[in-house]
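Since the structure of chain A is already known, use the hints to place chain B on it.
Taken in sequence, the protein lines are chains A and B. First residue of the first sequence: 1, per this note's numbering; consecutive thereafter. First residue of the second sequence: 1, per this note's numbering; consecutive thereafter.
Rather than coming from a laboratory, the hints here were simulated on the basis of the structure. On a predicted model such as this, the values are computed, not experimentally measured, just so you know. C-beta: ideal position from N, C-alpha, C; glycine also.
Listed below are several chain A residues computed to face chain B (Cβ distance under 7 Å; list not exhaustive):
no., residue
1, Val-38
2, Thr-60
3, Leu-61
4, Thr-70
5, Val-72
6, Ser-75
7, Leu-79
For reference, the chains in residue letters:
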Amino acid sequence: MENIILPTTNTWCPGCGNFGIQNSLKEAIAEVGKEKVVVISGIGCHGKISDYVNTSSIYTLHGRTVPTGTGVKMSNPELLPICMGGDGDMYDEGISHLVHAAKRNSNITVLVHDNRTFALTVNQPTSTSPQGYQGTTSPEGSVEYTINPVDLMLSAGATYVARGFSGQPQQLTRLITEGIAHPGFSFIEILQPCVVWYNTFAAYNEAVYEMENQELELQEARNKAVEWDYQSEGPIATGLFYREHKPTYEESLPGNFPVDVEALLEKSK
Amino acid sequence: MDNFQIIVGGAAGEGSKKAGQILARLFNSRGFRVFVHEDYHSLIRGGHNFSQITVNRDRQQNAISEKIDFLLALNEETITKHQHKLKDGGILIYDSDSIEAELPEDNGFEVLKVPAANIIEEAEASNLMKNTALIAALAKSVGMDWEKTKQVLSRLLTKETDKNLQVAEIAFSQTEQLKELAAEAGEPLPVLTGNSAIAVGAIRAGLENYIAYPMTPATGVLTYLVNVPGVKTAQPENEISVINMAIGSAFAGRRTMIGSSGGGFALMSESISLLAQSETPMQIVLSQRMGPATGVPTYVGQCDLDFALNVGHGDMQRLVTAPGDGDEAYYLSGWGLNMAWKYQLPVILMTDKELSENTYVLTREQEIYKEEPNEAENTADYLRYDGEDISPLQYPGGQAVVKATGYEHTPGGISEEEPEGIVAMQNKRLRKYDKLKEELEQLETVKSYGQGKVAVIFWGSVKGAILEAAQDLPIKLVQPLVLQPFPENQMKAALEGAEKVVCVELNSTGQLARVLRGHGIEVNDKILKYDARPFTIEGLREQLQALVN
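Here chain A stands alone, though its shape is the one from the complex (with noise of 0.2 Å):
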């Protein structure tokens, strides 16, 4: 298992949250195998996944994950997108793709590094910090809403929708290899402190506790995911809170096969 981490020298801060997501990716590609698979990176600290994975990957541009991890299955069904952002590429920049995508039920794996804030730019807000965040840009603090990503993917029409925690492993791991399996769109949202701009880590491990092992409605899922508002303290479920089955967007496409040009511009004589 251990040619799955790049010797790449690691740059996250000593106690960041990415390296419990990492360990737990790590143990999910160890279990359906890395040939397949297709790392895609958006831009902040999660980003440099791509340096550090042993898979093929596309360390790509911020907030563009979910569509390119659409083109890749689009193209390859037989590979397995795994679509990595964080809230930033997720949750501000790149909203609309995962909203369609999840609409579309695209066949690709989305893992969401939410540590609610702009780390690699030293500490903004974003749609998932708490209003009155203290950050470079909003020094009295924010005056935005959060959004609830959970909610809002149920909305969407996602069809496995999961929360973890960095400092949950096993249960994160089984939550990941889990979406990987899911033929549908994966939608698992991470919950990661900043150990330097937003330590949740204490927050997190008093309020943060695992749903037991269900199948909910989706109006039920939805009751549990406004549970917390991503504003208070909690508590705050983590686990699966909704999966169902129905078509995918690229098995309903039609193939790829060559064309018959002469018989096609016969048509247009």
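Okay, now just chain B, sitting in the frame of chain A:
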């Protein structure tokens, strides 16, 4: 009759566009060369739309005249707007049951009244088949035989074919022959819009996936390809999604193309830079319309040259092509897709409202085939960005770990921030571009037509009108087919001996003229048109004549 022009017009929804396409195919069936120009506004129903069809028995004439031989009117406005264009001896054909035309006396043209409402009643057909009656009347008036007319109509009128044929036959039998068509000229050829020609050319070069968001006048590429089994298409939520989806698709090994007009292309621009940095092969169709911003959505402009040549942040390289007619669109689209995969960079194919939506005959005198790219063995030691210039391609799914990235990177695709590594990788990309430039020197990237001391340079869809307008004038026409890397040597060779250099463009500032000046070529004069309409043969001829008098 061997060379004539037809206008067919009506309100949006009355079928004038369909009628134009049928008329083109009717004369194509006799081996005549046809061209159709489309004029329509940005609305769904009402307004005034028209198609102008140029028919020439002996050669391809991809331009429209100010004077016409036939006017087919589906409504009164069409007569009001276009009757002054009819030549002496021309024919006005209209639905005399629903239009009360007040025609000027001594107008010099003949009038062919078609009682379309009566015919439709007799055939118990739908009112939408009025245009079928007018088409049949025109066919008879020029002496087409019924069997051939029927053949074309039944191929193109796929809905309620029998009713349509019934309407056509009544109109045909009630009409008298007024003209005599010249003899058949050979076999029919494929008749396609420029957008369709771009699509087919790309298929020839192995196109597998086409991704686009609807935007006039580029939409036709997508609507053509959705009907081609074997090619996958996708229409995601916006153009940013389009290009990033396409990057994933090409990374996974499938030949992929995308397309839009200026606004959508602008949204793609950050990712165009990613194409260059990640060395992802991609052809982007940029179909221009009159800007800025929303501009004039369904009318022509050549205003995005500056933008296309400079799109993408960073010190990046691209290949930009500019076909001028259906055949060039077909060839350059296929060639551009091959080049994208050979040199692993963004290729921008520039078209415009006219070239994209007008209809051309495809002669395919220059044929295009898929060229296989340079690929590495699929082994565990594969490095995506290895080598001196062009790095062999590989795709994920096997032993090779394929790492594409927008960061500056090592040969293995890992982020690189050390000075030596940064310079080495930039130099690799520059050497790759040098190789492309060397190859371009061996190809015909600048075309010339005619001879004269005055050299007139044009690009893109202006070709159709200018080739006609400059007939028999002492002018040398010069057309660059590649705009970046700019074919400076071939352009200078084409201009050798020219005493005066003039640029003809559909924009207000002379964007190509600026490019030429940047390459040390003095442009003495510019003929610019930016009313969002194409040049007519007569209008442009007058301006060209003034250059040589």
